[in-house]
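Protein chains in written order, with the working numbering: chain Y, 1 to 228; chain U, 1 to 735; chain S, 1 to 81; chain V, 1 to 81.
These are calculated hints, taken from the structure and not from any lab test. Predicted, not measured: the structure shown is a model, and the values here were computed from it. Virtual Cβ for every residue (Gly too), placed ideally from N, Cα, C. A portion of the hints provided could be inaccurate.
Said to hold, decoys possible - Label-pair ranges, simulated between beta-carbon atoms:
| # | chain 1 | residue 1 | chain 2 | residue 2 | range |
| --- | --- | --- | --- | --- | --- |
| 1 | V | K10 | S | K51 | 25 to 31 Å |
| 2 | U | D394 | V | D53 | 38 to 44 Å |
| 3 | S | N23 | U | K321 | 37 to 43 Å |
| 4 | Y | K2 | U | G68 | 44 to 50 Å |
| 5 | Y | R137 | U | T733 | 22 to 28 Å |
| 6 | Y | L211 | U | L7 | 15 to 21 Å |
| 7 | U | R730 | Y | G172 | 28 to 34 Å |
| 8 | S | K51 | U | D288 | 33 to 39 Å |
| 9 | S | N23 | Y | K2 | 25 to 31 Å |
| 10 | Y | K132 | U | D325 | 47 to 53 Å |
| 11 | U | K254 | V | T27 | 23 to 29 Å |
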Amino acid sequence: MKFGVVIFPGSNCDFDTFHVLKNVIRQPTIWLWHKDHGLQGVDCVVLPGGFAYGDYLRSGAIARFSPLMQEVGEFADKGGVVLGICNGFQVLLELGLLPGAMLRNKNLKFLCQFVTIRLENERTRFTHKGKKGQVLRVPIAHFDGNYFAPPETLKEIEENSQVVFRYSGANGSLTEEANVNGSLHSIAGLMNKRGNVMGLMPHPERASERLLGSEDGRVIFESIISKF
Amino acid sequence: MIDQKNLDNHNLTRDEYGLIVKLIGREPNLTELGVFSAMWSEHCSYKSSKFYLKQLPIKGKNVVQGPGENAGIIDIGDGQVIVFKIESHNHPSFIEPFQGSATGVGGILRDIFTMGARPIALLDSLRFGPLASPKNRSVMDGVVSGISSYGNSIGVPTVGGDVYFNDCYSLNPLVNVFCMGIAEKDKIFYAKAEGIGNRVLYVGSKTGRDGIHGATMASQEFGEEIEHKRPNVQVGDPFKEKLLLEACLEVMDKGLIVGIQDMGAAGLTCSSSEMPAKSGTGIEINLDLVPQREEGMTPYEILLSESQERMLIVAKPEKIKEVKDVFAKWDLDAVEIGKVIEGGQMRVGFHGEIVVDIPVSAIVDLCPIYERPYAAAAQPKKEINIREIPIPEDFNKILMNLVASPTIANKEWVFRQYDHMVQTNTILLPGADASVLRIKDSKKALAVTLDGNSLYAHLNPRAGGIIAVAEACRNLACVGARPVGVTNCLNFGNPEKPEVMGQFKEVVEGISEACKAFEIPVTGGNVSFYNETEGVSIYPTPVLGIVGLIKDINKVVTPGFKEEGDAVVLLGENKEELGGSEYLKIQFGREDGIPPAIDLAKEKAVQELCLEAAEAGFLESAHDLSEGGLAVCAAECGFFSGKKIGCELDLNDEWRPDALVFGETQSRILVTAKSSKLKKLLALAGKKGVTAAAIGKVGGKKIRISLKGKALVNVPVEEVYKEWNEAIPRNFTVK
Amino acid sequence: MKVRILVSFKDSVLDPQGQTVKNALHTLGYRAIKDVRQGKVFEIDLAGATKADAEKIIPEISDKVLANPIIEKFTWQIIEA
Amino acid sequence: MKVRILVSFKDSVLDPQGQTVKNALHTLGYRAIKDVRQGKVFEIDLAGATKADAEKIIPEISDKVLANPIIEKFTWQIIEA
Ligand SMILES: Nc1ncnc2c1ncn2[C@@H]1O[C@H](COP(=O)(O)OP(=O)(O)O)[C@@H](O)[C@H]1O
Ligand SMILES: [Mg+2]
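One chain only, chain Y, in its complex shape (with noise of 0.2 Å):
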């Protein structure tokens, strides 16, 4: 499978989700520069972590006018796989590819930590390999990321089960206290309704070498490279 990772002004963990995409899930991932045309036949669109464009005026927000955007609107159209993690989520929200948006964290502080993150939904592109209830252990690293949307998106959503992974306590279970940013139904990670295309605060590529503490963000590397 072909990775595209996704290099805007300010991203700064495009090195790192390269570095795991090659080496560790060892496959095929090239560089997509935010001002080129052309998706050069990635089967799956990466945008990593960082401050695009500084995260100025808000998270995202400008990113999602880079020119390369506009084509990874059409990708995502057309069915192809779209991954944004921390600020490449805020991108999708921005862009309008997820619903909702981003509020500052409750404690209005960035966070960065170990959080434990529950598998919701283990019948998506992303997460196949999981299974439903799992428990994961990944970092977060951020200042926006206290999910917010309007009650019938929430509804809406929930219906759907689109929502992938909810932050947890380490048993799985749901509490304020676990939920540190203050997100909306402890949401951390969300897809489309079409299932192609997902966005998560957690930093999976922080947590896919057991060198660096936690190998269980593998799981969703490992889901999107295999057959659905």
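Add chains U, S and V with the ligands to chain Y, keeping to what the hints say.
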């Protein structure tokens, strides 16, 4: 005509002015005076410190670049080098905590990538007044958010640092920032302006009227006097810096440039004079071509602005187009503003006139060096009569109080705000003795730590200097790393006061002595004087940044207890020392006595033992004893275990129990080993002549410490953890 | 011409920043303050543009770029002709 | 009474956010936009307070809490009596 008032405003003495006139053979104009004022400021010229810094050991087989460049460089083998440096940003961080600390991070990052290295780690050493004061809280809150905003955005992990609290920092908080980068040995870049006719390019943000006189400000005491001179603090733009970083590394990687230097303190003046001075050339620049943010800027302002996120590049004429293309790719302009000339002059044009025409060597190399008078000041305070101090009853309570002291408490509130994992190299996260970073595609790893106990330095400056080095190295030994290079930031009061100069002299002597003993080279550092407000000076505060190398990443040792039943071994000797301890301060409100003694030969032996035991695979965990002594050390090992495991320790010494449990005697490390390896560990200690005592076992939910069977401490780890964990955040929670 | 655009959270969205400022002010003794809402302000220089231009451009960029309509609302006015 | 306070960087201070927004708008083709400055707006509810109260409190908290006079300036007005 330059009069006395001009000189006062520029912080130059009559004699210095006389020298300027002699060096340039005429009276300088006001712009030229500004140039000299900035470059001859304490901050840029090190005129009060240079004489003493000369004694620091700077040589070593692995040294590629010692002091004198933007950062020091150490060879780590396999064609790779590390580039690292520490800088202070104390004054701006007090005036505007958020922007002050943020731009401090921006500045040190530029020092590293200007040498061709990709920054891989930031660390910060912070000193604040007590958190009971709202002002101190807001300074700390702002400083931490500022560091977080800049480092996180640019994508360099902030992997460690230290934080101490003391009254002496209420009006002079300290913010020292360290950065390390990694580069290929044959792709290092220097601040060179070689090749007559080569072009000078300006890249990055436009120049505004910010921070004019920043260097001068950092070279004066705070007080009403300076209030009106306070410049605008610069606002940092981490996004711009990220673009600058990527673009600069790209032009370097493609071999398109000759030399490069960041514009930090003293801005364009500094870079455009230092580069030719180092290369024995001159420079000609036209200020009309400098991108400007504001209208009507004078040459004086353009030359001395400290606007952030700017670099000066020297490139061959035929490469200019390619250089510009790379910068354009990153949405940055590279503007030609001048060229390298023969003859050693700095010649600056503005609106068709020459406004500065002076020899670069006069500005850069010929600033007077002062051997300022020092008083055998800061004599170690008298030995306290230890028998005067009553031995408290309730050791559990003391332990609770100690872990709740913000200096000892969990710093997670701070480092949780820093992205410490980006770049996916951090294998030992902040919190441990030293942070450990892997080097991708290799078996090696790097360990880094910052250290400096200023109370020790206040009580005995020389000991303070020695202990700071020893403890930093000990922290490295605890994770299994051997020190390879040192940088240091020396924060002091007003050097024109003989007592302060006395402190400085002794601290530097202490650092030199310790570095020589450890055979580690000092590759650079920074001096911050005038940390003094209304005549009250900070404690002398040396901050040591030491980098260590780990040959086999699989041999890294971590501080947390691992398994129930593991043997606990104390490496090193116990003594009866309480002077300068956190225990005396917290329990008795005393900051006096003689700080713990240190014998560098013994210290080295203990560290060597720890390192060899780690390499031999004997150790399950290691953590050194520092503030709060054995009890705090053992408690922390329990916290870091992840499972909050306790331990049961029994001591067998003749000393006072409070000294044994809370004293800060140096050269001690608490390690654990599988019982099957205990014998080998003790045998190794015997062979090395290091005292090592098996004092108990890991296990249970409590921290239990007894003396000859009599219980002293007996308290659930969970309870101690709670105090330790909440001590800092509770100052910042608004309901 | 100069235009000022105010962007703030919709009333249905919590504003913890405003709350924090309010709490801080209470701690300092400013009890008269009942509520604080925090938002963003943009001052835009449209030198040479006409009122009609502004009326076309400003709502467009506010809606598309400056505010995220899921969580934010905006108002604008001309502050200098 | 309701009061609106606008806080922004002084004119001589760099405003990276405003600059970035301006560049983005240019890229989108809004060439009429010559400059953008971004700041903060606070809307404060002072229910029960008098105009005199506001005139005392608002400049005080703006100077002390809402803005840092070293780099920022503020203006305020009553928006609801
Ligand atoms: N405490 C110190 N120990 C050793 N070298 C030092 C120390 N302080 C400063 N230096 C060296 O002096 C030189 C000039 O200081 P530097 O901090 O680089 O100035 P700038 O602030 O312009 O970067 C540097 O090479 C630096 O490493
Ligand atoms: Mg420098």
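> Taking 22 to 28 Å as the hint, is the beta-carbon distance of Y:R137 and U:T733 inside that range?
Replying inline: holds, 26 Å
>> Tell me if the beta carbons of S:N23 and U:K321 are separated by a distance inside 37 to 43 Å.
In response: violated, 56 Å
>> Given the hint of 25 to 31 Å, is the C-beta distance from V:K10 to S:K51 inside that range or not?
In response: holds, 29 Å
> Is 25 to 31 Å right for how far apart the beta carbons of S:N23 and Y:K2 are?
Replying inline: Since S:N23 and Y:K2 have Cβ atoms about 51 Å apart, the given range 25 to 31 Å is violated.
> Between U:D394 and V:D53, is the Cβ distance one that fits in 38 to 44 Å?
Replying inline: violated, 51 Å
> Given a hinted range of 33 to 39 Å, is it respected by the beta-carbon distance of S:K51 and U:D288?
Replying inline: Taking Cβ atoms as reference, S:K51 and U:D288 lie about 37 Å apart, which means the hint holds.
>> Range first: 23 to 29 Å. Now tell me if the beta carbons of U:K254 and V:T27 are that far apart.
In response: Once the Cβ atoms are compared, 26 Å apart, the range 23 to 29 Å for V:T27 and U:K254 holds.
> Do Y:K132 and U:D325 keep their Cβ atoms within the hinted range of 47 to 53 Å?
Replying inline: holds, 51 Å
> Between Y:L211 and U:L7, does the beta-carbon spacing fit 15 to 21 Å?
Replying inline: violated, 59 Å
>> Quick check on a hinted range of 44 to 50 Å for Y:K2 and U:G68, using CB atoms only.
In response: holds, 49 Å
> Okay, U:R730 versus Y:G172 on CB: inside 28 to 34 Å?
Replying inline: Holds, at about 30 Å.
When the structure is compared with the earlier hints, violations turn up for hints 2, 3, 6 and 9 and for no others.
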